[in-house]
Amino acid sequence: MGRATVLHDYYTVLLNHLGPSGWWPAQTPFEVAVGAILTQNTAWTNVERAITALKGANALDPHAMWALPEAVLAELIRPAGYFRVKAKRLRHFLAFLMEHGGNMEALTELPHIRQRLLEVRGIGPETADSILLYALGLPFFVVDAYTRRIFHRHGLIPEDIPYDELQAVFHDALPPDVPLYQEFHALIVRAAKAWCRTRPRCPECPLADLLPTP
DNA sequence: AGCCAGGACTGAG
DNA sequence: CTCAGTCATGGC
67 MGRATVLHDY YTVLLNHLGP SGWWPAQTPF EVAVGAILTQ NTAWTNVERA
117 ITALKGANAL DPHAMWALPE AVLAELIRPA GYFRVKAKRL RHFLAFLMEH
167 GGNMEALTEL PHIRQRLLEV RGIGPETADS ILLYALGLPF FVVDAYTRRI
217 FHRHGLIPED IPYDELQAVF HDALPPDVPL YQEFHALIVR AAKAWCRTRP
267 RCPECPLADL LPTP
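For the first sequence, position 151 (counting from the first letter as 1) is numbered 217 according to the numbering used here, and the numbering increases by one without interruption.
Do not take every clue at face value.
[As the list claims (entries may be wrong)] List time: in silico SDA-like cross-link candidates among lysine to any residue, alpha-carbon distance up to 25 Å:
1) Lys121 / Ala140
2) Lys259 / Leu273
3) Lys259 / Ser87
Simulated from the structure, these hints should not be mistaken for lab results.
Using the sequences plus the hints, can you model the full thing?
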């Protein structure tokens, strides 16, 4: 059986058990980008506090955030952790955004947008793809630690597979369908939070049926 | 009381 | 090039 079929089975099982996700949890494309940077190696609940603080300061807007001194921005996002680094990363992204009209929509028009995002200090492959897929609506599959963990435990990929190769597995197996990519990645994260955590092979996981018998 | 969370960058060797 | 170290808060 080909990978395309297998991956579609995972998608179907997850969707049947969890229902549609309605991701990414954000109200604007800019908020998606900010959340993508803030959630780097950080629990989402901590990101929510930071987002709330930014909203309270009316700073969840490109020009407003750009106008803040870096130290003030850092204090606002403190609950998200790594707050000094992330304040810099947000400002690097903002500088890039300002060069291109100061709004997220303008980014969609740029050629080689993924490479351009990766050139921004503090934006790596997962953050770039999260922005591309959920903020700009472009068909780039988001690979994260959950994706690698689940599919390695199920024997479909080596544990140390590089990011771009793992992404290629999904790009090769699935049509470039933005809603599909968005929903699939959301389901993977929700499934991992609900069942995986750090323990492999928990019995109540609906994906257990798809596991190769040890 | 550690360990972990929807990563990415740096410096040593 | 590889890889351990660094960044930091809050939940369990």
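query = Which hints from the list above does the structure break, by number from lowest to highest?
reply = Per hint list: zero violations.
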